[in-house]
Amino acid sequence: MLSLFQSLEAEGLNDTEKPMFDVLKASLSYPTTDHELANRLADDIVYFCRSAIGDDVYGGILTNAWVLIFDMICCIPSDHAWQDCWVNAIKELKGRETLPARNSDSYDLQWEDLPCFFIELDTHMNRVYEKDIEYQNLNSFVARLYATDVLRDDKFPFAAIRDALERAGGESQDPLLWVASEWLIRCAYHIYESMKFPTPEKRGWWSLGKAFADKDGVAPFSVERWNLWKERISEEREKLLSSKSETAPALAKRLEEALQKMREAEQPSDQKTDVSVDK
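Using the working numbering, the first residue of the sequence shown is number 29, and each one after it goes up by one.
One should not assume that every hint holds.
[Unchecked claim] Straight-line Cα separation of at most 30 Å, DSS-like style, residue types lysine-lysine; simulated pairs:
no. : residue 1 : residue 2
1   : K272      : K183
2   : K159      : K267
3   : K119      : K183
4   : K159      : K119
Source of the hints: derived by calculation from the structure; they are not laboratory data.
Please model the entire structure based on the sequences and the hints provided.
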């Protein structure tokens, strides 16, 4: 399974990345339970900061660590167990004890805040945007974080779904549809709740995309927009069902599952039942 990272190693790792990569790869290869593996990975990240040379501030080593970790996650398929292990590792890391400042010019490292994590994640997401598989794998990881409340930034799911469904002329690309379906399959309830009850600062975000340019009066965060997304997903599913592409059936099935999760999310919690998608 370590061959998952062959492409990353082939690209070359610098003198800072290589030792960290070897440690993380060794942890991933160690025969243990998923829970223990998550703990080992969290311990590794703490170790990188504790062992920083001289008076290096934590931000520098953490930035390098996050970039490497995101590179590794981009190599891990969305259905691989290591995806969940990394999510659990981040959850474990948030509970680690604060590391005291290394010098008067540094600062305490509060793991609960995941320093540098979200800035580097946003940067990495943009960097791999045109690399379909890497972008899909990274979004799968972030969707898992969102579903478990480790990450509650609506920007990530909203941008991904909007990018897939609100393009001019309603022309969606299959890799972007896959990403949108991943977010909805894993997080439909959270996304729907955010759409129903937007906070004041979110109400001004994101105008409607060009695919919905003729839809007057639809608020950026609203159930109306959610319903427009359902309509677009249904349209794309129908196109795929009539497509001769070899990959169309699998993607159509994912969109069917996304629609089902969306419908389930709309039900009151005490009335949730299995909701099938019309064939």
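Here is how each hint holds up against the structure:
no. : hint        : result
1   : K272 / K183 : violated (34 Å)
2   : K159 / K267 : holds (24 Å)
3   : K119 / K183 : holds (20 Å)
4   : K159 / K119 : holds (27 Å)
Hint violations for this structure: number 1 only, all remaining hints satisfied.
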